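Student: Since chain U is already given, all that's left is putting chain B on it; use the hints.
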Amino acid sequence: MTTNSATGAPTGSIYDLGYRHYEGERHGRAYSLYSLYLESLRSIFGFGRSASAKAWPLILLGLYSLLAVLQLAFSSIISQAIQQGEDIGLATYANYFEGLWILVLLFCVAQAPELVCRDQRYSVLPLYFTRSLHRLDYVLAKVSALTTALFVVLMVPMVALFVGDILMKQDALQAIENEWPKALPAIPACLWTALVMASTSLAVSSFSPRRAYAAISLFAYVMVYWVVAEIVWAVGTEAGWDWADKPQLFGPARSAVGATAWFFGDQLPTNPGLSSSLGPDAYLLSSLTLVLVFCGILIYRYRRLAA
Amino acid sequence: MAVIETVGLSKHFGPVRALDQLDLAVEPGIIGLVGANGAGKSTLIKILLGLLPATEGKASVLGMDAARETLEIRKVVGYMPEHDCLPPDVSATEFVTHMARVSGLPRTAARERTADVLRHVGLYEERYRQIGGYSTGMKQRVKLAQALAHDPQLLLLDEPTNGLDPSGRDDMLDLIKRTGNEFGISIMVASHLLGEIEEVGDFLLAIDAGHLLQSAPISHFTKRTPVLAVEVEEDADKLAARLTSRKVKARVEGGRVLVAIEGDSVYDAIRDAVADLALSLVRIEQERGRLEDLFKVPAKAPAKRKAQ
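For the protein sequence lines, the chains are U and B, in the order given. Numbering of the first sequence is given in this note's numbering, commencing with residue 27 and proceeding in unit increments. Numbering of the second sequence is given in this note's numbering, commencing with residue 8 and proceeding in unit increments.
Honestly, the hints are just simulated from the structure, not real lab data. Among these hints, one or two may not hold up.
[Stated by the list, open to error] Between beta-carbon pairs, the in silico distance windows are:
1. U:Leu304 / B:Pro22: 51 to 57 angstroms
2. B:Glu76 / U:Pro214: 40 to 46 angstroms
3. U:Arg329 / B:Glu34: 35 to 41 angstroms
[What the hints assert, rightly or not] Residues of chain U clear of chain B, computed beta-carbon distances all greater than 12 angstroms:
4. Gly50
5. Ala107
6. Asn204
Since we're looking at a predicted model, the values are computed, not measured. Here a beta-carbon is modelled for each residue, glycine too, at the ideal position from N, C-alpha and C.
For reference, chain B alone in the conformation it holds in the complex:
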């Protein structure tokens, strides 16, 4: 069964078309919803939650109509907003318990779920402290916890890594991955950072200006190029020149040297070249296709526009 389905979904704010004839059908799993700021990600999430009415078209969540069965949908969907949404003067335990109760859980169940969920997001003793004293990373965890508190079947996460430092970001992505894979909860992660979606998602939805740009499994985009990316601290140009002189295809792009893999000898050639030039090597990794390419070639967009 499709977790999220939209047919000809449009939302206009005056002359602005936030969503334009969007057709989606999303299977369970971790779904990355990618688009630049203003592409319509938040609008789509708000329509799915029944916060905004659609101008035209239909949207359904877990088989329920988003416009009519709003309350039923909200009972089994968790939402983590993009912005801060935590009052500073209560503890995480108090807050999440309260939110679980507002979601309809009886008192004792709400307490148990809160303890479970806060442990899962990695808040232990600090859960009894006031939220005002938390770091951004801990606050993001509480936001995720409140979305999970009522054991939803679907989580809608709007920019969950907003404002996090790299390690906090990795922790959050890892948490999302675990939530999706181990808990069996479908998750839609909206983000403007393709790299993140690449890391956590099973499935990618790319939208641009309210249109569907791409919808396919992530693996479809990311395992293509037989190219090694060599990162050195400086003098990438010299390295590329040296490799080219040894008949290895190499070019510089964005401070890194991209080398075509044509047999195992390439690795030796890189090692020798780096050693000869006495460069400090940062890393060598196989270059994967990147989702950014998607947005570079708008002509490629095979958006499944419905025939009128």
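With the rest of the complex left out, here is chain U:
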């Protein structure tokens, strides 16, 4: 900061510049939405927060990727075993989420309430709604932020698996060419799974300003639904109910698993965890229904919340 000597003011001292008006550019609604999105995304991973806020998301991300990373670390041993004709149950792009979805759920349980409860509990919402941000924009920003975060979480092990698969092969370049088409469906599958989990988590969380209650209800909803649907399926199959497998469709976890199978369609004709009478199409449709319903609930909720 230079001082103009023509004004006669002595140089080398610190000035109170007084209040300066802002003459620069002011962006509109889209930018406000983007700012909220970015800040929400930062808060999910604890950037700009205390170290303890960073711990949980990183631990859960680590746990979720652990299997893929181990598989990567031991890729040489594994490739030897495969050459010797041993059958090891390896994690693949298509079944990774199915095996470990509970960790993704825990990530949602830990971070989704943070996104929506905090603004309600500390009444930050009126500050947003008196700026160039509509209620719909708020929902959009929060859902996209959690979807992005979950997409990152879901993709980390996919990348590790991809690297592992390539390292197992002799010719790396050739391997990339062969592996690429197999890995590609992981991107839309992870994105879709992220959206299903994000809209579910946020919709359930948005009904309580208390973080703990929101977390418990989210966990309970997904787990209880999952268990009940599995029991109904098992008992119903014995008893010969033809609708026994239908409830499974509308559990967030199961429908996301089923939708994943849809994206990997040609590589995964049958998945033992899913009902064979319902094709992947049914799961894709049911997960789409879940996304629409939960986003609708969110929009309704934020229309009603007093600012």
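Tutor: Positioned in the frame of chain U, the structure of chain B alone reads:
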């Protein structure tokens, strides 16, 4: 140009009329909006910000229609709500920067404005600490800072001294006065405490049950009575009796002795009386007209009701 203008503005919540045919035209400056709890202050602010639709009538802010040009208005208006609105787990700098960005300021501009504004409200090193550890006074400053972050032309402050101790209250009022006078920002301060409005405002709007009770410059109300208020620690009655016996008009009101100023000899009379009675004198000040009187005489209300 009128900063805030309303014509026949009404807001009904079911059978409750929060605002009833309100006509206002407010010039730039510091405007005090006074009314008891439930008089319609917050409702008016919410309508001006486009948070609530008016039942009937029109409201405009800085020449823009509150119902249609909401987003344009919000870009140049800052709002400080009455209640707590700060998340505890971020620093003031983080929070105000974020709010400035949501208001549409680019990243670097938002950072600069945040530093400027936090300095102005008197938060220095503590601005990097988490808000959860702040005192109520500091939190109120952050609330004001977030309202100022995007350099608004008009500030709407809803009960800005809520929950503050006397010295914190004085600091906040001083800050409001400086913001209004030095920064050239128009401010509407809603309060149920007349004393505060008296201290900071240029202009007074008094509303009661959704009606406009008074609208005039503050000086209009506050410089009238040639009366001295004498405050003593005890025995105000004795003092008044002694003064009356010396042919000075005095009476006791609310623990203080009010003395009519009829020439300079009155001051001497008070001094002598206090000395004779060996009372501890707290203060002597010229009694000004007080805004409370406004609410005492409802018949006086010359509310400019629009002719139908």
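Student: All the hints need checking, so say for each whether the structure fits it.
Tutor: Evaluated hints:
For U:Leu304 and B:Pro22, the Cβ-Cβ distance of about 54 angstroms falls inside the hinted range of 51 to 57 angstroms, so the restraint holds. Remark: the range hint 40 to 46 angstroms for B:Glu76 to U:Pro214 is upheld by a beta-carbon distance near 41 angstroms. Range check, U:Arg329 to B:Glu34: Cβ separation about 36 angstroms, and the 35 to 41 angstroms hint holds. The Cβ of U:Gly50 sits about 5 angstroms from the closest Cβ of chain B, inside the 12 angstroms cut-off, so the non-interface label is violated.
With 12 angstroms as the threshold on Cβ separation, the claim that U:Ala107 sits away from chain B holds: the shortest Cβ distance comes to roughly 48 angstroms. Chain B leaves U:Asn204 outside its interface by the beta-carbon criterion, the shortest separation being 43 angstroms against a cut-off of 12 angstroms.
In the structure shown, a violation is registered for the earlier hint numbered 4 alone.
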